[in-house]
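A.B. asks: Residues per chain, in single letters:
4 protein chains.
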Amino acid sequence: MPMPSPLDEARYELALANRIIAHEGVLDGFGHVSVRHPTDPGRYLLARSRSPELIEPADIYEFTLDSEPVAAKGVTLYGERVIHGCIYQARPDVNAVCHHHSPSILPFCITGVELVPVFHLGAVLGTAAPFWDSRDDFGDTNMLVIKPEEGRSLAKALGSHWMVLMRRHGATLVGTTLRELVFRTVYSHANAEIQLRSMLIGKIGPLSRGEAELTGPYQLTPRPMARAWEYWTTRLKKNGELPRARRTGGRPATLRTAKSRSGQGA
Amino acid sequence: MPMPSPLDEARYELALANRIIAHEGVLDGFGHVSVRHPTDPGRYLLARSRSPELIEPADIYEFTLDSEPVAAKGVTLYGERVIHGCIYQARPDVNAVCHHHSPSILPFCITGVELVPVFHLGAVLGTAAPFWDSRDDFGDTNMLVIKPEEGRSLAKALGSHWMVLMRRHGATLVGTTLRELVFRTVYSHANAEIQLRSMLIGKIGPLSRGEAELTGPYQLTPRPMARAWEYWTTRLKKNGELPRARRTGGRPATLRTAKSRSGQGA
Amino acid sequence: MPMPSPLDEARYELALANRIIAHEGVLDGFGHVSVRHPTDPGRYLLARSRSPELIEPADIYEFTLDSEPVAAKGVTLYGERVIHGCIYQARPDVNAVCHHHSPSILPFCITGVELVPVFHLGAVLGTAAPFWDSRDDFGDTNMLVIKPEEGRSLAKALGSHWMVLMRRHGATLVGTTLRELVFRTVYSHANAEIQLRSMLIGKIGPLSRGEAELTGPYQLTPRPMARAWEYWTTRLKKNGELPRARRTGGRPATLRTAKSRSGQGA
Amino acid sequence: MPMPSPLDEARYELALANRIIAHEGVLDGFGHVSVRHPTDPGRYLLARSRSPELIEPADIYEFTLDSEPVAAKGVTLYGERVIHGCIYQARPDVNAVCHHHSPSILPFCITGVELVPVFHLGAVLGTAAPFWDSRDDFGDTNMLVIKPEEGRSLAKALGSHWMVLMRRHGATLVGTTLRELVFRTVYSHANAEIQLRSMLIGKIGPLSRGEAELTGPYQLTPRPMARAWEYWTTRLKKNGELPRARRTGGRPATLRTAKSRSGQGA
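Protein chains in written order, with our numbering: chain A, 1 to 266; chain B, 1001 to 1266; chain C, 2001 to 2266; chain D, 3001 to 3266.
I should point out that these hints are in silico values taken from the structure, not numbers from a laboratory. Where is the CB? At the ideal position from N, CA and C, for every residue including glycine. One thing to keep in mind: the hints can contain errors.
[What the hints assert, rightly or not] With the C-beta cut set under 7 Å, the calculated list includes, among others, these residues of chain A facing chain B:
no., residue
1, R48
2, S49
3, L54
4, A58
5, V75
6, T76
7, T111
8, V113
9, N142
10, M143
11, S160
12, M199
13, L200
[Said to hold, decoys possible] DSS-like cross-link-like pairs, simulated, lysine-lysine; straight-line CA separation at most 25 Å:
no., chain 1, residue 1, chain 2, residue 2
14, B, K1147, B, K1073
15, A, K238, B, K1238
16, A, K203, C, K2203
17, A, K203, D, K3203
18, A, K237, C, K2238
19, B, K1238, D, K3147
20, D, K3203, C, K2203
21, D, K3238, A, K237
22, D, K3237, B, K1238
23, D, K3073, C, K2238
24, B, K1237, A, K237
25, A, K238, C, K2238
26, D, K3237, A, K237
27, C, K2237, B, K1238
28, D, K3238, C, K2237
29, A, K238, C, K2147
30, C, K2073, C, K2147
31, B, K1237, C, K2237
32, B, K1203, C, K2203
33, D, K3203, C, K2238
34, A, K238, D, K3238
35, D, K3237, A, K238
36, B, K1203, A, K203
37, C, K2238, B, K1237
38, A, K237, B, K1238
39, C, K2237, D, K3237
40, B, K1237, D, K3238
Model the full assembly from the supplied sequences, consistent with the hints where possible.
C.D. replies: Okay, here's the thing in structure tokens:
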């Protein structure tokens, strides 16, 4: 059997990442995860409009950084693709993006309370997570990030951070690699839940800036990352939730050369 | 094999809707879901007295809008049927109704705190959810909505809204379609949980009326609805919880022409 | 195959009740459930020292109302048996008893906040649940109810109520039947969780005494009870957690006529 | 088949203990559990860097009390081994150690609120749990306990207690036996969750010192311990999560005589 191509590998890993983040309770029926194309930095990979925990490699398509599908005729696409494209344009250092509506993160998005690292693993969110409010630039909207200018506004609010909190909406996180993104998404969600619970019983004493700057990057070194990855993938496997084998990663020829219909799915 | 009839289809879909809402944590042993008859607007479909997550197509019977069973001899029925019948009478635009006691919604019913959309998906509950208190019209009762006048009082409180909060009891939601009702029920429950959690850490900043009016209807368009429906049904399927195949949807002939015994089950 | 005897039936039902209450999240590794002997009101049935969710009919033994085992040589028994025996002595109307440490009930036992019915199903706890504090009569102890005088003190605090809250320890509930006890145990636990959650966001408006007196008994009528019982047993069955078939209900002859060793297990 | 050696038994039990504590919700992808060598008090047993719920007997290695592996060439090890070694050096009475980041314990580590026994089973944590803050002795660090002086500082803070709370990090618990440690870890976690929930609705009334001193040791006597152990192991077994059979406890010969590479995994 021939070796899978880098693209096949990337599509399998992206399906796996979607399923891990959903299985760990961060993503539900909505939200999405993307990765920059493994060989063409001017493109990214993202699933068609489908819930993260159901995504197979065959559901994953290529997009330009303007978030136009390269080939996806008759396929329904996520409406908020520009979140991904605009961030890849603004952040050459970023190679993976996740947008979600975690019930642990939303209370911060709804109250404007600052999310801060409260335990060592939570420092992977960075030293701070800025807020973005669609109301500031665009007034009353349907709140989805669909227009290029909306995506650029969000990317601008993210700036050089790893995570941006979207008022009354959710969060968007970025990583230099897909696995780093998964780790950051899962543990920033855990940090939010623990910060919320801590605030219920007393005054929180968060990490110092020095501690956050020392331990955040440490958690993203190969050993803790490998340990967490084995843990998450084994949990999926025990549940029979792994994506289909890499070899099924190819899309039907009928779709490969087709043109796209832009989707509006949330 | 012959095509299933519209009625068989409706009964299968209603069994599925019951199971989805239960599986997503909104319904437990009690509560019920109904749909208007697919070909006779003067009737609705509702299960016999059985817990939502156990309902099969064969458990579903026809009722007049006075909530009298068309044919259900010797079958125990829900005591609160008038919730459904009185709403179908008052709201020609409504084709599906759900009554539940969600642990996320009840804190609002018990404190009288207003439930408001706090994130985009929560806007499917509408711009507001009025309260109804059985005490106002009827004083001390067993709190169940069993008498026609109780059902009419509740329907009046619902008015033109999509959701009514019942003090010390639960909630009743309506939809123009069954799938819209399921989406509204699941995400109003999610909104309540997130609003409650947000109130624990700060002052909530809900959606503006303009945002709610723009994003609520948007979430109920075909693409997000289809995506959520695939997600919920796949989760049921993975758990082996789908209803039995449509062909088992028929009721035993012995019951088909029989008369009913009015049930008082909660 | 011969019909199972009333005693075999009672032991199967008691194993089932233990498993239901555990599966619904009220009982964990500790706590216990008993039922009065089906033909001899001067005896009750209780498992040997084993976690509720593991109990089989063969684990269930007979005890006198002084909580002495009729025949259980070399078997480790629960240390807190007197909770059951002393209540059966004090309350001829009571035929089933459950003692547990539910995480939803304990916050009331630890703060002394009054548990009140906040929704219709919660009214099965009664109009009030008194407190008992082992410290009042006995000062500092190991907190377990092991001595007859401790059991009598608890039974006295229960009085004519259906539930007593034990400070820093847990709760004890009673029922006129085993199924009524299971319903009361599951829904008083649900009421506690919902009351706790309601107190986090506002001032609770509980049921009026009139409402509680009307709806509490209503919930315990055959139809809601049958509906809940089918729900709970089906959930166990789907999980492969039903007790072994009635015919395995008999204890090995080697134990049947043996004498007991009083156990001290918590 | 030959009897398994005491070492094989110890390695199987340690794998089982890791899985129980993870399955009961205390440990997640990180954290670790060790036991003193069954025949050489100058050594302890600890897994290679792997998530607790995945650990097999073959993953468990021997370490000196200086936390140097006896033989583990090319194997990635936990970075925080000194937590274990330094405590075994300081506490001859201690034969098992667990370090975790429980979401129920962390709120106390983050706010500095004192953890106290609030119900009888919670008394297994002891009459008090001191705090340790890496900042006090070492200022800003990556917060992991990796250097011998960091381990000694933590062991000093633990003193003669059974549990130490690590600010912004987690907790470390000790036991005279592995099973005692598991019981203490699970029920101190339960006590923390119940204390947190109790603080949300009122002023907590904890155990008196006398009660804690009487009931804590009582919970650790053979009967409650055996009952809990059967419960936890049966739950693992029902989930197909037991470690592989003892006979697979041996490590591949290729690793047995090799030298170690010190690991830095969190």
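A.B. asks: All hints, please: hold or fail.
C.D. replies: Now for the hints, and whether the structure bears them out:
{"no.": "1", "hint": "R48", "verdict": "violated, 10 Å"}
{"no.": "2", "hint": "S49", "verdict": "holds, 6 Å"}
{"no.": "3", "hint": "L54", "verdict": "holds, 6 Å"}
{"no.": "4", "hint": "A58", "verdict": "violated, 15 Å"}
{"no.": "5", "hint": "V75", "verdict": "violated, 11 Å"}
{"no.": "6", "hint": "T76", "verdict": "holds, 6 Å"}
{"no.": "7", "hint": "T111", "verdict": "holds, 3 Å"}
{"no.": "8", "hint": "V113", "verdict": "holds, 5 Å"}
{"no.": "9", "hint": "N142", "verdict": "holds, 4 Å"}
{"no.": "10", "hint": "M143", "verdict": "holds, 4 Å"}
{"no.": "11", "hint": "S160", "verdict": "violated, 26 Å"}
{"no.": "12", "hint": "M199", "verdict": "holds, 5 Å"}
{"no.": "13", "hint": "L200", "verdict": "holds, 6 Å"}
{"no.": "14", "hint": "B/K1147 <-> B/K1073", "verdict": "holds, 21 Å"}
{"no.": "15", "hint": "A/K238 <-> B/K1238", "verdict": "holds, 13 Å"}
{"no.": "16", "hint": "A/K203 <-> C/K2203", "verdict": "holds, 24 Å"}
{"no.": "17", "hint": "A/K203 <-> D/K3203", "verdict": "holds, 17 Å"}
{"no.": "18", "hint": "A/K237 <-> C/K2238", "verdict": "holds, 22 Å"}
{"no.": "19", "hint": "B/K1238 <-> D/K3147", "verdict": "violated, 47 Å"}
{"no.": "20", "hint": "D/K3203 <-> C/K2203", "verdict": "holds, 17 Å"}
{"no.": "21", "hint": "D/K3238 <-> A/K237", "verdict": "holds, 17 Å"}
{"no.": "22", "hint": "D/K3237 <-> B/K1238", "verdict": "holds, 22 Å"}
{"no.": "23", "hint": "D/K3073 <-> C/K2238", "verdict": "violated, 47 Å"}
{"no.": "24", "hint": "B/K1237 <-> A/K237", "verdict": "holds, 17 Å"}
{"no.": "25", "hint": "A/K238 <-> C/K2238", "verdict": "holds, 19 Å"}
{"no.": "26", "hint": "D/K3237 <-> A/K237", "verdict": "holds, 17 Å"}
{"no.": "27", "hint": "C/K2237 <-> B/K1238", "verdict": "holds, 17 Å"}
{"no.": "28", "hint": "D/K3238 <-> C/K2237", "verdict": "holds, 14 Å"}
{"no.": "29", "hint": "A/K238 <-> C/K2147", "verdict": "violated, 47 Å"}
{"no.": "30", "hint": "C/K2073 <-> C/K2147", "verdict": "holds, 21 Å"}
{"no.": "31", "hint": "B/K1237 <-> C/K2237", "verdict": "holds, 17 Å"}
{"no.": "32", "hint": "B/K1203 <-> C/K2203", "verdict": "holds, 17 Å"}
{"no.": "33", "hint": "D/K3203 <-> C/K2238", "verdict": "violated, 41 Å"}
{"no.": "34", "hint": "A/K238 <-> D/K3238", "verdict": "holds, 13 Å"}
{"no.": "35", "hint": "D/K3237 <-> A/K238", "verdict": "holds, 14 Å"}
{"no.": "36", "hint": "B/K1203 <-> A/K203", "verdict": "holds, 17 Å"}
{"no.": "37", "hint": "C/K2238 <-> B/K1237", "verdict": "holds, 14 Å"}
{"no.": "38", "hint": "A/K237 <-> B/K1238", "verdict": "holds, 14 Å"}
{"no.": "39", "hint": "C/K2237 <-> D/K3237", "verdict": "holds, 17 Å"}
{"no.": "40", "hint": "B/K1237 <-> D/K3238", "verdict": "holds, 22 Å"}
When held up to the earlier numbered hints, the structure conflicts with 1, 4, 5, 11, 19, 23, 29 and 33 and fits the remainder.
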